[in-house]
Amino acid sequence: MQRAEGGGQRAEPQALSGKGLAEDVMAGVRAALAEWAQADPPFQPHLVSVLASSDPASAVYVDAKARRARKLGLSFSVRDLGAGATQDELQGVLDELSQDAAVHGIMLELPLAPGLDAEEALLHVAHRKDIEGLTPGNLALIAAGRESEALLPPTPRSVRFLLRSVLGDDLRGLRVAVIGPGRTVGRPLTFMLNNRGVTVTLCNEHTRDLGGVLAGVDGVVIAVGRAGLLRAEHVQPHHVVIDAGINVREGGGVVGDALPDLPVRAQSPVPGGVGPLTSALMYQNLVRAVKLQRGERVE
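Taking my numbering, the leading residue of the sequence shown gets 1, the next gets one more, and so forth.
Heads up, some of the hints might be wrong.
[Claimed, not checked] Derived CB-CB ranges, DEER-like:
1) 14 <-> 86: 43 to 53 Å
2) 102 <-> 271: 41 to 51 Å
3) 82 <-> 34: 29 to 39 Å
4) 34 <-> 295: 39 to 49 Å
5) 249 <-> 86: 31 to 41 Å
These are calculated hints, taken from the structure and not from any lab test.
The beta carbon of each residue, even a glycine, is placed where N, CA and C say it ideally should be.
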């Protein structure tokens, strides 16, 4: 226990690990894959990772995805175009995969090589095969409130899962501040929370009087990419803090955008919070992608 001012005591904040939730998600994924494997004829989804860079971290991530896919019984392949690929070559491959009925999920590994335009390339990924939820088509559906027709980006969805684990399944009427209007987390999350009836305050690293802005909210989500941006003077004991920031430390390891052990109701750690759940939801998106491609109803 930690002592509060005046000699009192406050409870330690609840640590919001994503591991348990990730296990629940993966159980559903395995059940769907097992059902398809036992169908007549058997069906095995095919996931393709597209590389167009010499980034060593991307190669490591792809290897990890390949190992997990094999364990799940997925068909997984890599289209490695190398750092010398042109924009036209990259977009041609993405068009080909998008039109191939034997391909059910596409991941464009970022960052791309210098000179390649990721935003332009994503226009060539079919939104129903975009299991990372990055294409303008999916983001537009989210903004329009048509989530059931979209593949949702896994990190914002992880954040919403973690908020619901503390604040309850019904988020209507709650107030959440999102710090960081980034394309992959903050912007889609703002719409995704609003779609659940949340009143959202969108902030950034330059927001003045951050503590005053956050004082009245129920939850705080931070995804800026700046270590230690959210500090004790910014938060209140009733806050639920979800840290979606990732910052690589010198010498290895990662930290979030919030300082650890803030004096709040609950806080997600980095690593171990949003990350494990994000990975699981990506594979759940593949299951959703197959159902959308088949014209089946999805929740």
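Here is how each hint holds up against the structure:
Our hint of 43 to 53 Å for residue 14 and residue 86 holds, since their Cβ atoms are close to 50 Å apart. Range check, residue 102 to residue 271: Cβ separation about 35 Å, and the 41 to 51 Å hint is violated. A hinted range of 29 to 39 Å for the beta carbons of residue 82 and residue 34 is consistent with their spacing of about 37 Å. With their beta carbons about 22 Å apart, residue 34 and residue 295 fall outside the hinted range of 39 to 49 Å.
The beta-carbon spacing between residue 249 and residue 86, approximately 36 Å, falls within the hinted interval of 31 to 41 Å.
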